[in-house]
Every structure is written in C-alpha cells, then in structure tokens.
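10 protein chains.
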Amino acid sequence: MEFLVRFETNLPDTMPVAERNRLKGLERDRAQQLRSEGTLLRLWRVPGRRAVIGLWDTADATHLHDALASLPAFPWTDVTVEALATHPQEQR
Amino acid sequence: MEFLVRFETNLPDTMPVAERNRLKGLERDRAQQLRSEGTLLRLWRVPGRRAVIGLWDTADATHLHDALASLPAFPWTDVTVEALATHPQEQR
Amino acid sequence: MEFLVRFETNLPDTMPVAERNRLKGLERDRAQQLRSEGTLLRLWRVPGRRAVIGLWDTADATHLHDALASLPAFPWTDVTVEALATHPQEQR
Amino acid sequence: MEFLVRFETNLPDTMPVAERNRLKGLERDRAQQLRSEGTLLRLWRVPGRRAVIGLWDTADATHLHDALASLPAFPWTDVTVEALATHPQEQR
Amino acid sequence: MEFLVRFETNLPDTMPVAERNRLKGLERDRAQQLRSEGTLLRLWRVPGRRAVIGLWDTADATHLHDALASLPAFPWTDVTVEALATHPQEQR
Amino acid sequence: MEFLVRFETNLPDTMPVAERNRLKGLERDRAQQLRSEGTLLRLWRVPGRRAVIGLWDTADATHLHDALASLPAFPWTDVTVEALATHPQEQR
Amino acid sequence: MEFLVRFETNLPDTMPVAERNRLKGLERDRAQQLRSEGTLLRLWRVPGRRAVIGLWDTADATHLHDALASLPAFPWTDVTVEALATHPQEQR
Amino acid sequence: MEFLVRFETNLPDTMPVAERNRLKGLERDRAQQLRSEGTLLRLWRVPGRRAVIGLWDTADATHLHDALASLPAFPWTDVTVEALATHPQEQR
Amino acid sequence: MEFLVRFETNLPDTMPVAERNRLKGLERDRAQQLRSEGTLLRLWRVPGRRAVIGLWDTADATHLHDALASLPAFPWTDVTVEALATHPQEQR
Amino acid sequence: MEFLVRFETNLPDTMPVAERNRLKGLERDRAQQLRSEGTLLRLWRVPGRRAVIGLWDTADATHLHDALASLPAFPWTDVTVEALATHPQEQR
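Heads up: the protein sequence lines correspond to chains A, B, C, D, E, F, G, H, I and J, in order. When the letters of the first sequence are read in order and numbered with my numbering, they come out as residues 1 to 92. When the letters of the second sequence are read in order and numbered with my numbering, they come out as residues 1 to 92. When the letters of the third sequence are read in order and numbered with my numbering, they come out as residues 1 to 92. When the letters of the fourth sequence are read in order and numbered with my numbering, they come out as residues 1 to 92. When the letters of the fifth sequence are read in order and numbered with my numbering, they come out as residues 1 to 92. When the letters of the sixth sequence are read in order and numbered with my numbering, they come out as residues 1 to 92. When the letters of the seventh sequence are read in order and numbered with my numbering, they come out as residues 1 to 92. When the letters of the eighth sequence are read in order and numbered with my numbering, they come out as residues 1 to 92. When the letters of the ninth sequence are read in order and numbered with my numbering, they come out as residues 1 to 92. When the letters of the tenth sequence are read in order and numbered with my numbering, they come out as residues 1 to 92.
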C-alpha cells in the first residue's frame with residue numbers, strides 16, 4: 001500500500017557540525033537500503049525547506065512507522081503521513 | 001489495517017423527507033453488512049453534528065475507499081481518513 | 001519539472017447523471033492522453049473523497065496550468081499545486 | 001462514556017537517555033493498569049510521529065483528566081480530547 | 001457532566017418569515033424545558049452572530065446529543081461540543 | 001459584563017518544583033479572592049491539558065485584563081478572551 | 001467599552017439591484033445615527049472586499065449586539081467581534 | 001506604494017456562457033487600462049485555479065480598493081491584499 | 001494611509017527584570033514621540049495578552065516598517081500589519 | 001519560470017551581534033549576485049517583520065532550491081515557495 005510522507009528535519013542548534021554530517025551520511029545509507037527493499041519509491045525536496053516528500057510502499061501503516069522510525073534523524077523529524085488509494089486508471 | 005474515518009453527511013435541503021428516510025434505511029443496512037464482514041468495527045456519533053467517527057479495518061486504503069463509496073449517502077458525505085499503526089502494546 | 005497536484009471535483013447537484021458519466025468518460029480519455037505524453041506520471045485517489053493526487057511533469061507551471069485546464073471537469077475542480085525539487089539522491 | 005484522546009509526547013532534548021527509558025517503562029506499566037481497569041480500551045500509533053490515539057472509557061471528563069494526568073510522561077504531553085456519543089447502531 | 005456547546009444557526013434564505021418565527025418560538029419553549037430539567041444551565045449570545053454558547057449538564061455525550069437534536073432548529077445548526085472537567089477548586 | 005477566558009499555563013522546564021508549588025498556592029489564593037469579589041464565576045479544566053476555561057464578570061475588558069494580570073502565573077500564561085452578550089432568554 | 005468589529009456582507013445573488021441599493025441607503029442612514037450616538041467611532045474598508053472594520057464603543061457586548069443587529073444588512077453579514085482593553089498610555 | 005493582491009473569481013453556475021465571455025473581455029480591457037496607468041505592474045496565474053496574483057502600485061489602500069472595484073468581475077471575486085514595504089536593497 | 005497593527009511581545013525568559021523595565025520605559029517614550037508625530041493614533045491592549053493593537057498613519061508601508069522597527073522591543077515582537085482603505089462615509 | 005518566495009529569518013538569540021552583522025553583509029552580497037544573474041528579480045519587506053517576499057526566476061524548483069540554499073542565513077530561514085504560471089495577458 002502506498003503512502004505520501006512529508007518530513008521536516010530540525011536538528012537542534014546545539015548539535016556539532018560533525019555530528020550533523022555523520023547523521024546525514026547514515027540517513028543517505030538507510031534511505032538507499034529502503035529503496036533497494038522497494039519500501040521508498042520516490043523522494044522529492046520541498047524547495048527552500050529542510051523538508052522532503054516521499055512516496056512509500058509498505059504492507060500497512062505499522063510497517064511504514066517502523067521504516068520511518070529506522071531513519072537516524074527520526075527523533076528530530078516532524079512527519080505527516082497520508083494514505084493513498086490506488087486510482088482505477090492504475091488498477092492492474 | 002485499521003483506519004479512523006470521520007464523515008459528515010449534508011443531504012441537500014431540496015431532498016424530500018421520504019427520500020432521506022429511504023437513504024437512512026439503506027445506510028443502516030449497508031453498515032450492518034460491513035460490520036458482519038469485519039470491515040466496520042466501531043461507530044461513534046460526534047455529539048451535536050450529523051457526523052460520525054468510525055474504526056474500519058480493511059486490507060488497504062483502496063479497499064477502504066471502495067467500502068466507503070458503497071455507502072448510499074456517499075455522494076453527500078465529507079470524509080477524512082487517518083491511517084493507524086498498531087501500537088507496540090497491542091502487537092500480538 | 002515535477003509537481004504534486006491535488007484536485008477535488010464537485011459537480012453541481014443539478015447536473016444530470018448522463019452528463020456526469022459523459023464527463024467522466026472524457027476525463028478518462030484526456031488523462032490517458034496526458035499519460036502517453038509523459039505529462040501525467042502517477043495518480044492516486046484520496047480514500048473516501050472525490051479527490052485525487054497526481055504526480056505531473058511539465059516544462060513549468062504555465063504548461064501545467066494549460067494541461068490541468070484541458071481536463072473536461074476543470075471548471076468544477078478545486079486544485080492545489082505544489083512545486084517539487086529533485087532530491088540529491090535522485091539527481092542523475 | 002467514551003473519549004478519543006490524541007497525545008503527542010515531546011521529552012526535552014536535555015533529558016538523559018536513561019531517564020527517557022525509565023519513563024517509557026513506567027508509562028507502559030501505567031497503561032497496562034488503565035487497561036485492566038477498563039479505562040484504556042484501544043491504543044494506536046500515529047504513523048511517523050511520537051503520538052498516539054487512544055479510546056478511553058471513563059465516568060466523565062473529570063475522571064478522564066485524572067487518568068491522563070496519572071501517566072508519568074503527562075507533563076511533556078500535548079493532549080486533545082474528543083467526547084464521543086454512542087451511535088444508535090451500537091446502543092444496546 | 002458539563003459541556004460548552006457553540007451553535008450557529010443558518011436557516012435557508014428560502015424559508016418564509018412566518019416559518020422562521022414559528023421555529024424561534026418552538027426553540028424558546030424547548031430551551032425553557034431543558035432549563036427546567038437542569039440540562040441547559042447558561043446561554044450567552046456571541047455578539048454580532050446568529051450564534052450562541054451554552055453551558056450544558058448531561059449524563060454523557062450521548063444524552064447531550066439527544067438534547068441538542070431535540071431542538072427544532074437542529075437540522076440548520078452547526079454545533080461544536082467541548083467536554084469540561086471539574087476544576088479542583090470547584091470539586092465539592 | 002461576562003467573558004469566557006481560556007488560559008494555558010506553560011511554566012519553563014527550568015523552574016524548580018518548589019517554585020512551581022509556591023506559584024500554584026498563590027494562584028489558588030488569588031483565584032479565591034477573585035471569586036469572593038464576584039469577578040471569577042466558574043472555572044473548568046480542559047481535560048488532558050494544563051489549561052482552564054473560566055467565566056468572568058467585570059465592568060469591561062480593561063478591568064478583565066487587570067484581573068488576569070494579577071494572577072501570579074500570568075507571565076507564563078497564553079490567554080484568549082471572548083466577549084459574551086447576554087442572551088434574551090436570560091435578560092432580567 | 002471599545003470593540004473592533006469586522007463585518008463582511010454577502011447579499012444573495014438573487015436579490016434585485018433596486019433592493020440592494022435600498023438596503024445600502026438604509027445602512028448608511030443607520031450608520032450615521034450610530035455615529036451621532038457615539039456608538040460607531042471609526043469605519044474602514046478592507047481593501048478589495050465587501051468588508052469593513054469598525055471601532056465601536058458601547059456599554060458592553062450585549063449593547064454592541066443590539067447595535068449591530070439594528071443594521072438593515074445584518075441578516076447577510078458575517079461578523080467577528082474583538083473586545084479591546086484600554087492601554088495604560090491612553091488611560092486618563 | 002506596492003501591494004500583492006490575490007483574487008479568485010467564482011462566477012455563478014447560472015451565468016450564461018455568452019455573459020461570461022463578455023465579462024472576460026471587459027476584464028481584459030480594464031486590466032489593460034490599469035497597466036497603461038502604471039497601477040497594475042505584473043499579473044501571474046495561480047496554476048490550476050481561476051485565481052491570479054497581481055503586483056499593484058497605487059497611492060494607498062483606498063486608491064487600490066477603487067481600482068480593484070472597477071474590474072467588471074469584482075462582485076464575484078474573493079480578494080486578499082498584502083501591503084509591501086520597499087526593501088532596503090531596492091531603495092533608490 | 002492608515003494601518004491596523006497587532007504586535008505581541010515575547011521577551012526571552014533569560015532577560016533580567018531590570019533590562020525588561022528599562023526596555024518598557026524606552027518603548028513608552030518612543031511611543032509618545034510617534035504619537036506626537038501623528039504616526040501612532042490609537043493603542044489598545046488585547047485583554048489577557050502581552051499584545052497590543054494600534055492604529056497607525058504613515059505615508060506607506062515602508063515608512064510604517066521604519067516606525068515599527070524604531071521601537072526598542074522590535075527584535076522580540078511578532079507583528080501583523082493590515083492596510084486600511086478609507087470608508088466612503090469618512091472620505092472628506 | 002517565476003516563483004513567489006516568502007522567507008522569515010529567525011537568528012538564534014545566542015548569536016553575537018558581530019556575527020549577525022557579518023551574516024547580513026554576506027546575505028546582501030549574495031542577493032546582489034543573484035540579481036545580476038537574473039535569478040532574483042524583486043524583493044519586498046513584509047512591514048513589521050524580519051521577513052521578505054521575493055520574485056525569483058529559475059529553470060525549475062530544483063535550481064530555485066539551490067539558489068535559496070546558497071544564502072548565508074538559509075539555515076535559520078523559514079521559506080514557503082509558490083509556483084507562478086504566466087498570465088495570458090503577459091505571454092509574449
């Protein structure tokens with residue numbers, strides 16, 4: 001089942017630059033894994049913000065939560081999830 | 001997968017009372033079927049409004065849409081759907 | 001350039017059923033054309049609503065407007081458009 | 001009387017991990033007690049957030065407040081409560 | 001249990017004046033009954049609007065809904081209900 | 001003249017417990033005085049929040065401001081005030 | 001006591017032009033009376049809208065409601081009222 | 001002084017096509033005049049909507065209102081106006 | 001040209017009391033100057049908040065910004081500005 | 001393609017004045033470069049706020065993001081971007 005997921009990351013001002021970059025690297029690797037599993041299908045940037053919109057495909061919202069919570073920056077992320085129904089024009 | 005679904009029904013003023021009551025009867029029957037299928041689990045009234053909140057359980061959002069669209073008053077209903085993830089305390 | 005487009009269609013109550021169905025057929029055909037042009041990439045239903053979310057790819061917002069305005073039900077549609085920036089992880 | 005209760009927990013960044021885990025354990029135990037009393041009926045996670053939606057059953061809003069305030073993480077929780085009326089289809 | 005209830009009444013433009021006045025009279029009588037039962041405690045007007053805020057006392061939200069639905073103008077009323085918990089300073 | 005006043009108190013995390021309790025005691029005493037003056041008529045808790053709704057009666061909004069500002073926790077309180085007009089059914 | 005009052009007037013499309021103009025004339029006369037009584041102090045237009053913001057001075061919200069309800073276009077007006085407290089710099 | 005003005009035009013469904021087109025022609029002509037006067041500087045379409053955003057330059061909000069009210073479709077237009085201050089980087 | 005200006009001041013908790021009072025004094029003096037220049041016409045308190053609503057008269061929004069920015073507490077103030085058009089009933 | 005971009009800058013209270021001024025200088029220089037490239041066309045101040053509205057012209061939202069992210073104060077800026085379609089009256 002597909003979901004549209006917006007997340008905005010606000011790392012605390014007090015976090016040292018090195019830690020921020022480490023976290024970014026881990027995020028990229030984890031996102032890569034989620035792509036290879038077919039869980040993360042597409043990712044876009046919201047222009048001008050430290051926010052992204054992603055198209056995710058998981059069994060249900062519980063598995064989606066676990067996938068999102070596995071992202072290293074999850075504790076500093078504001079997430080909204082929207083469930084998507086397949087459109088008749090795309091039903092195989 | 002469980003969903004929390006709010007719907008507010010606004011039948012047009014011009015609809016005759018007999019038609020309204022016929023529709024209400026059909027709604028009740030259809031809801032009964034959905035309950036017996038295990039699709040509609042709980043239903044509450046929002047006090048003071050012609051609105052209800054329901055706990056639904058369907059394979060995914062596509063099946064949920066089909067179930068909601070099968071309700072006779074669907075064309076006059078304003079619906080918002082919220083996907084629910086199972087809480088760890090309720091994971092069997 | 002990609003856009004996320006939400007549209008909710010509210011045909012007037014007074015529109016005869018035959019006209020509604022004619023319009024739906026025309027919409028489906030036009031959407032099919034837009035897909036074949038690579039303008040409309042994906043389409044999802046918002047569960048429980050007469051609303052869809054689409055992923056569109058056009059040269060710019062002006063071309064997007066023209067594509068949306070070419071849909072037969074456009075005069076009765078409430079549309080919000082969100083510009084998407086390519087995410088570094090998807091930049092070829 | 002049943003209530004739908006949303007709560008989002010935001011523990012301060014400065015709280016040590018050990019204290020967070022201690023608090024989580026206490027929350028789980030207290031929630032267990034509330035379930036056994038029949039006060040907390042169902043609990044769902046809002047996918048992607050440190051937020052839950054719960055179905056509660058208490059004598060009235062005053063008892064509900066006391067039950068919510070008894071949760072260890074209450075001082076760091078943002079709560080919205082919605083009163084639910086029994087739907088005619090569920091009136092015994 | 002006490003509730004704060006806001007309601008805004010929008011009678012259709014097409015309703016004849018005589019019917020409006022008849023409805024107003026019935027509303028006043030019904031409100032008087034609800035007061036004498038101790039269900040409706042206080043009523044204020046929102047200045048400048050055809051809206052009122054009322055302090056209601058009923059067993060629960062289900063009984064509140066039935067009391068509100070018994071008001072003759074209910075079909076044309078937009079209602080929001082807020083559950084109130086007794087403040088410690090007012091607990092006898 | 002009557003006002004409906006909502007206030008949500010957010011004491012800073014850094015405030016020691018002893019100071020919080022001292023402040024609560026002063027609040028209770030001041031509220032008691034305002035009740036005896038007939039300025040504060042009723043007080044309810046918003047279930048689940050550190051927020052209250054009060055029914056106040058003062059000469060005008062200026063006197064209301066002074067009464068609210070006299071509450072010890074005022075500097076940490078988020079207040080919204082709503083002017084109430086007497087309902088014809090309650091006009092002596 | 002002073003109030004800031006916004007009102008937006010939406011006369012029904014079906015109202016004949018002659019009736020609109022008659023109503024406008026009556027509004028102007030009534031506003032003039034309210035000015036001469038010292039009830040309506042200032043009036044501004046919200047640029048681009050059929051809406052005005054007014055500074056009113058009445059004994060309380062009840063008298064304000066009666067003054068607003070005395071305006072001929074009141075049945076078609078959407079009003080929001082904000083109570084104003086005298087600023088210390090303007091307290092004589 | 002410059003203003004950013006959004007307007008969304010909703011012509012009633014009942015307006016005949018011929019009248020709509022006549023109105024559109026008049027709008028275009030009037031807009032052309034406002035451009036030549038230097039009152040209307042730029043005009044953009046909000047993609048997907050019957051809405052435009054314009055950059056206007058008038059002596060003040062009163063003159064802006066008169067210019068907007070001079071547009072033939074003004075009675076069916078929902079307008080929001082935002083005052084703009086000159087940025088230091090653009091102060092000659 | 002007249003503007004309605006709301007501002008809410010939130011001085012940081014860490015600011016010593018002496019500095020707060022110094023700032024308040026400077027604000028009062030600056031406001032007095034703006035009054036004598038005819039820039040600040042009226043000032044009201046929003047009851048219950050550290051917020052004020054002011055009626056300002058400046059050549060345009062650029063001069064208004066400079067006047068607002070000249071207030072000592074400006075860096076800690078949240079401001080919204082609304083342009084006002086002169087009402088026909090007040091046009092000399 | 002043109003975009004309307006709002007940004008509000010909130011530098012942390014803890015940032016020393018010297019660093020703030022350094023940053024402002026860098027912002028001004030970078031804005032100048034963006035102007036000379038034809039990327040930043042117009043810039044206005046939102047009166048009373050540390051916020052600006054800009055008219056930008058870039059190939060697409062991806063290039064817009066990169067341009068915005070190149071501004072030195074970007075990490076402390078809250079940005080919303082609105083895609084603009086060319087109005088028929090301005091299509092060459």
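No wet-lab data here; the hints were simulated from the structure. Be careful, since some hints might not be right.
[What the hints assert, rightly or not] Which residues of chain J face chain C? A partial, calculated answer using Cβ under 8 Å:
hint: 1; residue: L4
hint: 2; residue: L26
hint: 3; residue: D57
hint: 4; residue: A61
hint: 5; residue: T62
hint: 6; residue: H65
hint: 7; residue: V81
hint: 8; residue: A83
hint: 9; residue: L84
hint: 10; residue: A85
hint: 11; residue: Q89
[As the list claims (entries may be wrong)] Here are a few chain H residues that sit away from chain J, every Cβ distance over 12 Å (derived from the structure):
hint: 12; residue: R22
hint: 13; residue: L23
hint: 14; residue: L43
Note that this is a predicted model, so its numbers are computed, not measured. Every residue gets a Cβ at the ideal spot worked out from N, C-alpha and C, and that includes glycine.
Going through the hints against the structure:
1. L4: violated, 11 Å
2. L26: violated, 23 Å
3. D57: Given a least distance of 11 Å, the restraint on D57 of chain J is violated.
4. A61: Cβ of A61 of chain J sits 4 Å from chain C, so the hint holds.
5. T62: holds, 4 Å
6. H65: holds, 4 Å
7. V81: holds, 6 Å
8. A83: holds, 4 Å
9. L84: Holds. Min distance 6 Å.
10. A85: holds, 4 Å
11. Q89: Violated, about 13 Å.
12. R22: Per Cβ check, R22 of chain H is outside 12 Å of chain J; nearest 17 Å; holds.
13. L23: holds, 15 Å
14. L43: For L43 of chain H, whose nearest Cβ neighbour in chain J is about 4 Å away, the distance does not exceed 12 Å, so it is violated.
Checked against the numbered hints listed earlier, the structure breaks hints 1, 2, 3, 11, 14; every other hint is satisfied.
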